[in-house]
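**Student:** Spelled out from the first residue to the last, the chains are:
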Amino acid sequence: MDNVRVIEVKRSIFESNDKDADKLRGELKESKTFLLNLMSSPGSGKTTTLKRTIETLKDKYRIGVMEADIDSDVDAKAIAELGVKSIQLHTGGMCHLDADMTRQGIKELDVSDVDFAILENVGNLVCPAEFDTGSTKNAMILSVPEGHDKPLKYPLMFSICDVVLINKMDVAPYFDFDLEKCKEYILMRNPKAKIIPICAKTGEGIGAWADWLSEQIDEAIR
Amino acid sequence: MHELGVVFRIIDDLTEVGKENELEKIHSVTLQLGEVSGVVPSLLEDAWKWAAARTELMKDSELIIETLPAVTYCEDCKSEYETVAHGKICPNCGSEHTYLLKGNEFMIKEIAAT
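So the sequences go chain by chain: A and B. Take 1 as the starting number for the first sequence in the numbering used here and just add one per residue. Take 1 as the starting number for the second sequence in the numbering used here and just add one per residue.
No wet-lab data here; the hints were simulated from the structure. No residue lacks a Cβ here, since even glycine has one placed at the ideal position from N, Cα and C. Treat the hints with care, as some may be off.
Pairs of lysine-lysine residues, derived as DSS-like cross-links and limited to a Cα-Cα distance of at most 25 angstroms, are as follows [to be verified]:
1) A:K153 with B:K88
2) A:K10 with B:K25
3) B:K25 with A:K183
4) A:K192 with A:K137
5) B:K19 with A:K10
6) A:K181 with B:K25
Which bits of chain A does chain B cover? Going by a derived footprint, with three or more residues having C-beta under 8 angstroms, they are [what the hints assert, rightly or not]:
7) 13-25
8) 94-103
9) 114-120
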């Protein structure tokens, strides 16, 4: 033990993931694929919103979906029924996906014939926010029953999102959900966030969401 | 909440450091953890013990955690205060226009190795 040496590492734990993420973003740009990282808490309507989105845009873009889950393949099956390419990623108990896992998923999905790839992240408002997946844009869904105060409770998630969808607007009258307050809280954390109220069940706001997406996809795959 | 994933990340990083420096054994790893980094030290230690035991390089190594204090800055009264004690609201003037100066760090500081 006399020759023990102290080596200064000085490395941020998140730094190597950030590097991997930047690299993946570059590769996706090369292959002209737009990757959307979709995040939310469990039960906010991610899969239903995704199905609506796919139905609206599948004639316009070649779509591929990666469903991340701790276990099971129920979501990937539901998506495959819509006739788009989909794979299931199992995180094996992990609460989020990092850039390396996303890269493996992209490889398995094979994006050579995909313009619009979607990563449905693990349902969780904490961990996915801390790990850059390498996506082109980040989106999150907040549903009305969760309450308008969530941007205050999960500030990091709201601060890293390019767009926030407020889902289940059809049940807003039954909950004390204050849309204006919610928007104010989101913008307090992230002045650049685009906020779109939707209802995946009735189709409300899906047009505005599809327009926003098309704009982003066109820019990325041009 | 994601301590195990973080530990895998540290192990990958240190495996690389081990190769670069031709190390045989890492005896201790010193981390710097901000008070509001969201990582729970006790869970991190448990995850470390479990995962490090599965590598030759880091087996039985000691994990040393240095805590870095969290400090928030108030834009209205230009003061700094302890984040953990007061949160988002400035204790000096009651303003909400505050931001975190430091305290969310998560660094591998150094290792002792042969």
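**Student:** Among all the numbered hints in the text so far, which are the ones the structure does not match?
**Tutor:** Of the numbered hints given earlier, those the structure breaks are 3, 6 and 9, listed in rising order.
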